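Start from the sequences, fold in the hints, and give me the full structure.
These protein sequences, in sequence, are chains A and B.
Numbering-wise (this note's numbering), the first sequence opens with residue 1 and increments by one.
Numbering-wise (this note's numbering), the second sequence opens with residue 1 and increments by one.
No wet-lab data here; the hints were simulated from the structure.
Keep in mind it's a predicted model, so treat the numbers as computed, not measured.
Each hint should be verified, as a subset may be incorrect.
[To be verified] Chain A regions said to be covered by chain B (calculated; three or more residues, Cβ under 8 angstroms): (1) 23-30; (2) 62-75; (3) 134-143; (4) 156-166.
[Stated by the list, open to error] Straight-line Cα separation of at most 27 angstroms, BS3-like style, residue types lysine-lysine; simulated pairs: (5) A/Lys97 to B/Lys147; (6) A/Lys97 to B/Lys156; (7) B/Lys150 to A/Lys97; (8) A/Lys72 to A/Lys97.
Note that CB positions come from ideal geometry on N, CA and C, so glycine has one too.
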Amino acid sequence: MNSITDIDQQLLESIRQGGTARQAALRKIYDDRELQRMVIAYVRNHRGDATEGQDMFHEGIIVLDRNIREGKFRGEAPLKGYLYSICRFLWMNQMRKLSRATTVAEVPVQDDTDPLTPEIQLVAQEQKDLLNRLLSELGDRCRQILELWKLSYSMEEIADSLGFSSADMARKAKYRCHLSLLEIVQKRKMTFDF
Amino acid sequence: MEIGFYIERIERYAQGQMPEAERADFEAELASNAELRQAYDLFQWGDAAIEQGIEQSLRQQLQEWAAEGTAVLSANPPRAKVVEMRPNWSRWAVAASVILLAGFLLFRSAGAGYTDTALFAANYDLPPAATIRSGSATENFLEPGFKAMKTNDFQKAADVFQGVPANSTRYTEAQFYLGHAAMQLNNYDLAITAFQTAAQGNEFKFTEKAQWNLVLTYLAASRTKDQNFKSRLENIIAHPEHSYHQNAVALQQKLGSVFRR
Chain A
1 MNSITDIDQQ
11 LLESIRQGGT
21 ARQAALRKIY
31 DDRELQRMVI
41 AYVRNHRGDA
51 TEGQDMFHEG
61 IIVLDRNIRE
71 GKFRGEAPLK
81 GYLYSICRFL
91 WMNQMRKLSR
101 ATTVAEVPVQ
111 DDTDPLTPEI
121 QLVAQEQKDL
131 LNRLLSELGD
141 RCRQILELWK
151 LSYSMEEIAD
161 SLGFSSADMA
171 RKAKYRCHLS
181 LLEIVQKRKM
191 TFDF
Chain B
1 MEIGFYIERI
11 ERYAQGQMPE
21 AERADFEAEL
31 ASNAELRQAY
41 DLFQWGDAAI
51 EQGIEQSLRQ
61 QLQEWAAEGT
71 AVLSANPPRA
81 KVVEMRPNWS
91 RWAVAASVIL
101 LAGFLLFRSA
111 GAGYTDTALF
121 AANYDLPPAA
131 TIRSGSATEN
141 FLEPGFKAMK
151 TNDFQKAADV
161 FQGVPANSTR
171 YTEAQFYLGH
181 AAMQLNNYDL
191 AITAFQTAAQ
201 GNEFKFTEKA
211 QWNLVLTYLA
221 ASRTKDQNFK
231 SRLENIIAHP
241 EHSYHQNAVA
251 LQQKLGSVFR
261 R
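In structure tokens form, the structure reads like this:
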């Protein structure tokens with residue numbers, strides 16, 4: 001198997017670093033037209049269309065981003081191959097949900113010996129719905145602050161981006177927003193299996 | 001509980017910013033301090049919500065990048081070569097016949113997706129195994145029912161859930177999963193009763209799902225003429241904030257479609 005390239009390593013580091021470096025790295029990955037064409041071709045060859053292929057490419061990047069930030073992917077394989085593997089897995093799962101496979105034999109089998117088998121946590125829709133409700137109660141401004149904080153933007157960058165007068169003001173706003181979020185969760189008294 | 005008291009420490013712990021000794025102390029306190037554990041649990045919830053937001057923001061960003069690409073293509077449309085063709089009336093007649101036949105076959109095949117069975121299959125989801133809460137049998141008496149659901153032993157699951165008394169704190173939950181088990185057994189009357197009970201219960205987590213699954217049960221039973229089906233579907237449509245509002249609107253459109261047989 002090809003080893004990870006220097007460019008791949010840089011992209012990984014940028015995503016792990018967060019902030020504007022992550023943004024630039026994701027754009028570079030997105031601009032890989034060849035990979036996007038491969039994903040679309042795969043989906044079209046398995047009962048999908050071009051739009052669905054592009055959706056899978058987008059969802060694959062979302063999963064890739066999270067897996068890198070959470071340390072689930074550390075460059076064990078080339079980035080392109082790993083992302084392609086994610087997209088294939090997502091489409092297989094989508095096919096199963098949409099019942100596009102009319103027989104069991106038509107559902108492509110994920111090869112467990114494949115070292116590129118991605119670790120994908122398919123969060124159930126109901127869990128996503130619950131989390132979305134928390135976010136909508138929190139409000140857009142607090143949500144933006146917390147997202148930028150989680151993505152390791154500095155307080156100076158957050159202050160610049162969101163119009164705070166200083167990094168200190170941004171820091172205080174972040175604390176207040178975080179507290180609000182946790183109070184919302186507490187109020188809802190939700191139970192959730194991690 | 002005063003969450004603010006704990007938030008800063010939990011954040012430092014979660015982000016790996018504590019020195020080893022402090023981390024060990026924190027973990028020991030986590031094991032013995034129920035309030036700290038509760039605060040940590042809330043923190044993890046909040047973290048999951050923020051991640052959800054990041055995901056949505058990235059999805060929107062990717063769509064914007066895709067739209068940029070489309071805009072570039074639109075600004076520079078590829079030029080088509082114009083080819084002149086001589087008219088041939090017999091060819092037109094054959095083409096028209098083919099189109100008519102194709103349209104007829106398409107109409108028939110499209111109609112297949114609008115039957116009660118097809119609409120039900122397109123909308124129904126058995127709760128995936130990963131979301132079914134589990135635990136030891138001593139702390140979770142619904143566990144045998146959940147295990148049965150995971151192995152598709154729906155009769156056993158139904159028996160377990162039906163055995164939960166009405167004064168149990170998990171009665172609503174039991175009724176919700178009873179509805180699903182009954183649905184799998186094609187026992188639609190039982191499923192309707194169970195989902196109705198779950199929808200009226202006091203566990204918000206199950207209310208809207210039970211309401212939607214109640215509608216789907218009528219659909220599965222081909223009882224779309226039933227006034228209860230219509231009123232339940234209309235009730236969801238009347239509430240845009242309902243989790244299944246869009247699903248209900250889409251279902252109603254398909255029920256009124258010309259393709260319905």
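Do the hints match the structure? See the list:
Residues of the stretch 23-30 of chain A lying with their CB closer than 8 angstroms to a CB of chain B number 3, which satisfies the three-residue condition for coverage. Counting residues of the stretch 62-75 of chain A whose CB lies closer than 8 angstroms to any CB of chain B gives 3, which reaches the minimum of 3, so the coverage claim holds. Requiring three or more residues with a Cβ within less than 8 angstroms of a Cβ of chain B, the coverage given for the stretch 134-143 of chain A holds, as 4 such residues are present. A count of 0 residues in the stretch 156-166 of chain A with a Cβ less than 8 angstroms from any Cβ of chain B is obtained; the coverage claim is therefore unmet, three being the minimum.
For the proposed pair A/Lys97 and B/Lys147, the alpha carbon gap of about 22 angstroms is at most 27 angstroms, so the pair holds. As the CA atoms of A/Lys97 and B/Lys156 are separated by approximately 25 angstroms, the hinted pair is consistent with the 27 angstroms bound. Taking the CA atoms of B/Lys150 and A/Lys97, the gap is near 17 angstroms; set against the 27 angstroms cutoff, the hint holds. For the proposed pair A/Lys72 and A/Lys97, the alpha carbon gap of about 25 angstroms is at most 27 angstroms, so the pair holds.
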